[in-house]
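Chains A and V, in that order, give the protein sequences.
The first sequence runs 12 to 388 under my numbering.
The second sequence runs 1120 to 1215 under my numbering.
These are computed hints drawn from the structure, not numbers from a lab.
Among the hints, erroneous ones may be present.
To be verified - Straight-line distance between alpha carbons at most 20 angstroms, and here's what the computed EDC-like set of lysine to aspartate or glutamate pairs gives:
hint : chain 1 : residue 1 : chain 2 : residue 2
1    : A       : K229      : V       : D1186
2    : V       : K1124     : A       : D288
3    : A       : K204      : V       : D1186
4    : V       : K1126     : A       : D209
5    : A       : K267      : A       : E235
6    : V       : K1126     : A       : D223
7    : A       : K237      : V       : E1127
8    : V       : K1208     : V       : E1179
9    : V       : K1136     : A       : D223
10   : V       : K1124     : A       : D209
11   : A       : K229      : V       : E1127
12   : A       : K211      : V       : D1186
13   : V       : K1188     : A       : D288
14   : V       : K1122     : A       : D209
15   : A       : K212      : V       : D1186
16   : V       : K1191     : A       : E235
17   : V       : K1137     : A       : E235
18   : V       : K1121     : A       : D288
19   : V       : K1176     : V       : D1186
20   : A       : K230      : V       : E1127
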Amino acid sequence: MKSVMSGAQSASYAMMQINPDVVSSFPITPQTDIMKEYAIYVRDKKVDTEFLLMESEHSALSALVGASSSGARAMTATSSAGLAYMFEILGVASGHRLPIVMNIVNRALSGPINIHCDHSDSMACRDSGWIQLYCEDAQEVYDQTLIGLRLAEKMSIPAMIMQDGFICSHCLQNLEVLPDKIAKKFIGDFKPKYSLLDFKKCVTAGPLQLQDYYFETKKQLSLEMKNVFSEYEKISKKYFSLAKRKYSIIEEYKSKDAEFIIVALSSVCGLIKDCVDELRGKGINAGLLRIKMFRPFPYSAVSKALKNAKKIVVLDRSESFGADAPLACEIKNSVPEKIVNGCIYGLGGRDILKSNVMDLFNSMIKNKKIERFINSR
Amino acid sequence: MKKLKSKEMFIGGVIDKKASSLEYKTGDWMSFKPVRDVKKCTNCLLCAVFCPENCIKVKEGKVQDPDLKYCKGCGICAAECPFKAIIMKKLEDCDL
């Protein structure tokens, strides 16, 4: 079914089809559009969700921890400072293995205060035990929200679905959505692994664990994360049979035989694909590797995809001050470090232009020095 | 109590068994052990009332030897005994 939606609208459309038992919300730009749209679905009775208007993001996620431990399907969305305020509860959700799904609209962290896109918010949370999926456009946001929900529930690990603030979240794009019936069939019923309301199987959730058990609980989550890849493969195969759209943990765009490869996340990849096409037209072996799943990180798939590369530029939209940026760090862990150049672009919503990307490719080809900060003064 | 391996545990640190705290013998925390002098004891039962861990059992109005599985050696029984019938002995001085 063809449709025209912004990234935010496509996220709430997927949420409408999921029809979670509990959705909690607290406004923050640019996420607000997701919850605004969802509130309309609630008003029009297209969903029968318990829709909670909370007093903060900390409370919004705390409410979902309670809901999810009681066996409810629970979702929310947030951005930037909201995600930072949730940080404490992110660990509670993953530590208790609650399959909460959260749409994140990436926005720069303060300060100075800024409402535009960069990945500093979700990257700050990369070690909190959540699955992280980065989406390029509205179509992918819709698909990954459905896939992410199935994945989270199957693995009992919470998931974040990222999209770029304003660039993706507020721009209208055409996309295909599944008919309600098929989407609902794909999602299926939620069978929680434990529930505080299941009186036939009583449990104690959230006990104190000190030197004797905390380590094992974290080890269990760490080991389970490695099984996420194969489960994602299975779920995306099933999704392909319904939607005819294939998803994998990485996207290799003309990179199989490429010597010069850019590695990036999210919406900038549209621009890079355009540049790659132009260079390919000139007979240059350029390529793009887009990482879709950032946590758990697919090291072996990435090192396999980059094995023919002579030069690699990694584009990060967040900085780790005084160290390698998050994505550059992971790529340096996957391939020989000396062929990798880490670059920072687009902090606080700064544009990256086609000429900037072409310059990167040209510098790689001519073996010139590559500036770390792109389109900055 | 046998400590579980991460593979044997239920997910998320959740305890899926009832009354599992009974299996958690806190007695090995103690560094002092209560020792009762039967001659001085008048079976007033104050020690049994004050024991926070319910270690001192009473049978037919008589104090029995304490069940040390959960005794942390807090010494409340010794402090409360009006007849000084209970003394706290350092664990390393006891015959185990």
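Hints and how they fare:
| no. | hint | result |
| --- | --- | --- |
| 1 | A:K229 to V:D1186 | violated (35 angstroms) |
| 2 | V:K1124 to A:D288 | violated (52 angstroms) |
| 3 | A:K204 to V:D1186 | violated (38 angstroms) |
| 4 | V:K1126 to A:D209 | violated (24 angstroms) |
| 5 | A:K267 to A:E235 | violated (30 angstroms) |
| 6 | V:K1126 to A:D223 | holds (15 angstroms) |
| 7 | A:K237 to V:E1127 | holds (18 angstroms) |
| 8 | V:K1208 to V:E1179 | violated (27 angstroms) |
| 9 | V:K1136 to A:D223 | holds (18 angstroms) |
| 10 | V:K1124 to A:D209 | violated (26 angstroms) |
| 11 | A:K229 to V:E1127 | holds (14 angstroms) |
| 12 | A:K211 to V:D1186 | violated (33 angstroms) |
| 13 | V:K1188 to A:D288 | violated (74 angstroms) |
| 14 | V:K1122 to A:D209 | violated (26 angstroms) |
| 15 | A:K212 to V:D1186 | violated (32 angstroms) |
| 16 | V:K1191 to A:E235 | violated (37 angstroms) |
| 17 | V:K1137 to A:E235 | violated (26 angstroms) |
| 18 | V:K1121 to A:D288 | violated (62 angstroms) |
| 19 | V:K1176 to V:D1186 | holds (7 angstroms) |
| 20 | A:K230 to V:E1127 | holds (12 angstroms) |
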